[in-house]
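Same order as they appear, the protein sequences are chains A and B.
Per the working numbering, the very first residue in the first sequence carries number 1; after that it's consecutive.
Per the working numbering, the very first residue in the second sequence carries number 1; after that it's consecutive.
Simulated from the structure, these hints should not be mistaken for laboratory data.
Built from N, CA and C at the ideal position, the CB exists for glycine as well.
One should not assume that every hint holds.
To be verified - Okay, the calculated beta carbon distance ranges per label pair:
(1) B/Arg329 with A/Val245: 48 to 56 Å
(2) A/Pro33 with B/Glu40: 17 to 25 Å
(3) A/Gly210 with B/Ala170: 53 to 61 Å
(4) B/Glu40 with A/Gly210: 16 to 24 Å
(5) A/Ser139 with B/Asp20: 38 to 46 Å
(6) A/Ser15 with B/Phe135: 33 to 41 Å
(7) B/Ala260 with A/Tyr93: 29 to 37 Å
(8) B/Tyr261 with A/Gly107: 26 to 34 Å
(9) A/Gly210 with B/Thr357: 52 to 60 Å
(10) A/Ala69 with B/Val22: 54 to 62 Å
(11) B/Leu56 with A/Glu249: 49 to 57 Å
(12) B/Asp61 with A/Gly107: 42 to 50 Å
(13) B/Glu40 with A/His76: 24 to 32 Å
(14) A/Arg211 with B/Ala260: 37 to 45 Å
Unchecked claim - On the chain A side, residues computed to face chain B include the following (Cβ under 8 Å):
(15) Arg22
(16) Gln24
(17) Phe51
(18) Glu53
(19) Ser56
(20) His65
(21) Leu96
(22) Tyr99
(23) Arg234
(24) Ile243
(25) Val245
Here are the chains, one letter per residue:
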Amino acid sequence: MRKLALEYETRLGFSAPVRDHRFQLRCIPPDLPQQRICDLAFDMDPACPTFEEVDSFHNHVMVGHIPEAHASFSYHMSAIAFVDQSLARPSPYKPLYRYQSALTRQGPALEALSGEVRAAIGTSRRVDSPLEQARYVCSVVHERIAYVPGATTVRTSAEEALAGGRGVCQDYAQVAVSVCRALGLLAKYVAGVYAAEGATHAWMEIYQAGRWHGLDPTNDCAIDDSYVKIANGRDYGDCVLEIGVFSGEVDQTQSVHARVSELAADEQ
Amino acid sequence: MRALNAFLRDVYSEKQVIRDGVIPEDFVYSSSGYLPQVNEVTPPSGIYAHIAGEDLVQAKDGTWYVLEDNLRIPSGASYPLIARNITRRVAPDVYAANDVVDNRDYPDLLARAMRYSSCGGIPVVLTPGRYNAAFFEHSYLAEQTGATLAYPNDLVVDNNQLYFCDYSGAKHKVGVVYRRISDEYLDPFCFNPDSVIGVPNLMAAYRAGNVAIVNAPGNGVADDKGIYYFVPSMIHYYLGEQPILKNAPTYLPFFDDDYAYVMERLESLVLKDVAEAGGYGVVFGRDLAPDELERLRRSIQADRRRFIAQEVVDFKDLPSVDAGGRPCRRMADLRAFVLTGKSCRVWASGLTRYSNTPGSMVVNSSQGGGFKDTWVLSR
Numbered sequence: 001m002r003k004l005a006l007e008y009e010t011r012l013g014f015s016a017p018v019r020d021h022r023f024q025l026r027c028i029p030p031d032l033p034q035q036r037i038c039d040l041a042f043d044m045d046p047a048c049p050t051f052e053e054v055d056s057f058h059n060h061v062m063v064g065h066i067p068e069a070h071a072s073f074s075y076h077m078s079a080i081a082f083v084d085q086s087l088a089r090p091s092p093y094k095p096l097y098r099y100q101s102a103l104t105r106q107g108p109a110l111e112a113l114s115g116e117v118r119a120a121i122g123t124s125r126r127v128d129s130p131l132e133q134a135r136y137v138c139s140v141v142h143e144r145i146a147y148v149p150g151a152t153t154v155r156t157s158a159e160e161a162l163a164g165g166r167g168v169c170q171d172y173a174q175v176a177v178s179v180c181r182a183l184g185l186l187a188k189y190v191a192g193v194y195a196a197e198g199a200t201h202a203w204m205e206i207y208q209a210g211r212w213h214g215l216d217p218t219n220d221c222a223i224d225d226s227y228v229k230i231a232n233g234r235d236y237g238d239c240v241l242e243i244g245v246f247s248g249e250v251d252q253t254q255s256v257h258a259r260v261s262e263l264a265a266d267e268q
Numbered sequence: 001m002r003a004l005n006a007f008l009r010d011v012y013s014e015k016q017v018i019r020d021g022v023i024p025e026d027f028v029y030s031s032s033g034y035l036p037q038v039n040e041v042t043p044p045s046g047i048y049a050h051i052a053g054e055d056l057v058q059a060k061d062g063t064w065y066v067l068e069d070n071l072r073i074p075s076g077a078s079y080p081l082i083a084r085n086i087t088r089r090v091a092p093d094v095y096a097a098n099d100v101v102d103n104r105d106y107p108d109l110l111a112r113a114m115r116y117s118s119c120g121g122i123p124v125v126l127t128p129g130r131y132n133a134a135f136f137e138h139s140y141l142a143e144q145t146g147a148t149l150a151y152p153n154d155l156v157v158d159n160n161q162l163y164f165c166d167y168s169g170a171k172h173k174v175g176v177v178y179r180r181i182s183d184e185y186l187d188p189f190c191f192n193p194d195s196v197i198g199v200p201n202l203m204a205a206y207r208a209g210n211v212a213i214v215n216a217p218g219n220g221v222a223d224d225k226g227i228y229y230f231v232p233s234m235i236h237y238y239l240g241e242q243p244i245l246k247n248a249p250t251y252l253p254f255f256d257d258d259y260a261y262v263m264e265r266l267e268s269l270v271l272k273d274v275a276e277a278g279g280y281g282v283v284f285g286r287d288l289a290p291d292e293l294e295r296l297r298r299s300i301q302a303d304r305r306r307f308i309a310q311e312v313v314d315f316k317d318l319p320s321v322d323a324g325g326r327p328c329r330r331m332a333d334l335r336a337f338v339l340t341g342k343s344c345r346v347w348a349s350g351l352t353r354y355s356n357t358p359g360s361m362v363v364n365s366s367q368g369g370g371f372k373d374t375w376v377l378s379r
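Next up, chain A with everything else stripped away, as it sits in the complex (with noise of 0.2 Å):
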């Protein structure tokens, strides 16, 4: 168990006001039995009145208009989470991981890599389980994609992402994830935060024996009490953490800052 504070905020410029802004964000993480959320607070500049709703894959998606004019849009997170992935409960089967969906379909380079890893597996008797299969996934996949930040966009996909053979966080699980789900396994594509990280992370999770076991391709590990969820889905286009349309042709910038740190002994 471990009590962590969260923060997440993302800022976007715009280079002249911008009007009639309709948004979603996907930004509070789920209170889950291994991941309890308190003290939560939500704040936006500029204000307006938003609906909150959850879509099909248990996502909290917050939904907003601002009509008038501005020059910026923030939004700010904070909360205090116990974290213990011990406790995650049992979870129905959804056959839907299995199959590919818009971002993970596979070409060449990811059809390839599932052989190869297909065959190595075959071979070995340690690796059967779905879990140990994937944690074997997340070695190769972390072997072959280099950490190189802005060489991917959100829209990369999974195969194209390994064709270049450089990514982040978001391809790294795309990847995983594809190449988990041509071995048949069912896998989820995660979006959180982590301890260490000044960005958003992404990872994956593996269905076995009822449950939903995270690992990290980037990091090339099981998930820790470190990890936080915020959304889930088939892919990056299910998780997507903010997707927003204005009137005015402007140039924008962006920039995201997520922080998680446990609190001081005395804190806890």
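Following the hints, complete the assembly by docking chain B onto the known chain A.
Coordinates of chain B only, in the frame set by chain A:
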């Protein structure tokens, strides 16, 4: 229709039909029409297919077959209305002398089906715009049903509620939207983020139960060519009834027995690619050269889920006139329209589509097919 609605409700909630082994999960999850984004969202009235277009053919021996269910945006209902209007003026005595059921009630049936599902507010017909091939039908049906014709820019979602903005800037609450825009373009926040003809946050308002969408998003999974095979078992499974209309005899190479049969009899079958629509991806084995047959065989082998095979139904041809105005006979099918509100109603007319190529069985208008009015006789 009741079975297809029950199927849609089931696959977007409990998925009992998959668990009971009636339909293999592959056919649901790998269908491009299956949209997990609307999982667990029940449409306001519980109805998914308010407007269905059932494509039927009659074989030479008189048997009727269902060729296809169209549950997304079946188009063409305005054409028989227009054709009837013209012939009524040109030859009024035809209708005096024959007992043809009046078909002018379609707008009323449609308006009732829309009103039944409405969440309170005005009805609108959403068109992508005047460059769309079916724009005439969009504007005609809006006019005839008393609904407002809306372009994507006329609709906004405020406070999780859909509004129509009129020319003066006033906003009117929308209770039901008959959209003529396909699922993937409906809402850039939920489906294709590049869509510029969608309405941002429309799906959020729909999920909250504040607006009805006619037909419901996600219906594509039920009119998938692969799912078609299972419709008779669906009728049995959900309703405990036997189908009245037959399916054309269909084989799924996905199943080993069917695969063996299809491989052996490829020359005499018609093969359909499940991912294609509009008459594309349809191949008649008998028209193929030996090397093309071999290539098709290899494609089937490579992805067995991608194809369905059907016996060629030798359907009746109808009298028509060719391009030179000479009488001729052409293959035809009938699209019957079924409207569902409080109850299911079959419109006593329909769109008869015929092929413009002698001997061809592809009647789609996108492939040069023509259409006729359809008379239902009251005697």
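Hints, verified against the model:
The hinted range of 48 to 56 Å is satisfied by B/Arg329 and A/Val245, whose Cβ atoms lie roughly 53 Å apart. Remark: the range hint 17 to 25 Å for A/Pro33 to B/Glu40 is upheld by a beta-carbon distance near 21 Å. The beta-carbon spacing between A/Gly210 and B/Ala170, approximately 54 Å, falls within the hinted interval of 53 to 61 Å. Judged by the Cβ atoms, the range 16 to 24 Å given for B/Glu40 and A/Gly210 holds: they are separated by roughly 20 Å.
For A/Ser139 paired with B/Asp20, a C-beta distance near 40 Å keeps the hint of 38 to 46 Å intact. A C-beta distance of roughly 37 Å is found between A/Ser15 and B/Phe135, which places it inside the suggested range of 33 to 41 Å. The hinted range of 29 to 37 Å is satisfied by B/Ala260 and A/Tyr93, whose Cβ atoms lie roughly 32 Å apart. For the hinted restraint 26 to 34 Å between B/Tyr261 and A/Gly107, the CB-CB distance of approximately 33 Å keeps it satisfied.
A hinted range of 52 to 60 Å holds for the C-beta pair A/Gly210 and B/Thr357, which are about 57 Å apart. Between A/Ala69 and B/Val22 the beta carbons are some 56 Å apart, a value that agrees with the proposed interval 54 to 62 Å. Judged by the Cβ atoms, the range 49 to 57 Å given for B/Leu56 and A/Glu249 holds: they are separated by roughly 51 Å. Judged by the Cβ atoms, the range 42 to 50 Å given for B/Asp61 and A/Gly107 holds: they are separated by roughly 48 Å.
For the hinted restraint 24 to 32 Å between B/Glu40 and A/His76, the CB-CB distance of approximately 30 Å keeps it satisfied. Take A/Arg211 and B/Ala260: their Cβ atoms lie about 41 Å apart, and the range 37 to 45 Å holds. Checking A/Arg22 against chain B by beta carbon gives a least distance of about 5 Å; that is within 8 Å, so the hint holds. Residue-level restraint check for A/Gln24 holds (minimum Cβ-Cβ distance to chain B is 5 Å; threshold 8 Å).
Taking 8 Å as the C-beta cut-off, the interface hint given for A/Phe51 holds, the closest approach to chain B being about 4 Å. The criterion of a C-beta within 8 Å of any C-beta in chain B is met by A/Glu53, whose closest approach is roughly 6 Å, and the hint holds. Taking 8 Å as the C-beta cut-off, the interface hint given for A/Ser56 holds, the closest approach to chain B being about 4 Å. Taken as an interface hint, A/His65 checks out: its beta carbon lies about 6 Å from the nearest beta carbon of chain B, inside 8 Å.
Hint on A/Leu96 holds. Least Cβ distance to chain B is approximately 6 Å, under the 8 Å limit. For A/Tyr99, the shortest C-beta to C-beta distance to chain B is roughly 5 Å, which falls under 8 Å, so the interface hint holds. Interface hint status for A/Arg234: upheld, as the beta-carbon distance to the closest one in chain B is roughly 7 Å, under 8 Å. Taking 8 Å as the C-beta cut-off, the interface hint given for A/Ile243 holds, the closest approach to chain B being about 5 Å.
This hint holds: A/Val245 has a C-beta 5 Å from the nearest C-beta of chain B, less than the 8 Å allowed.
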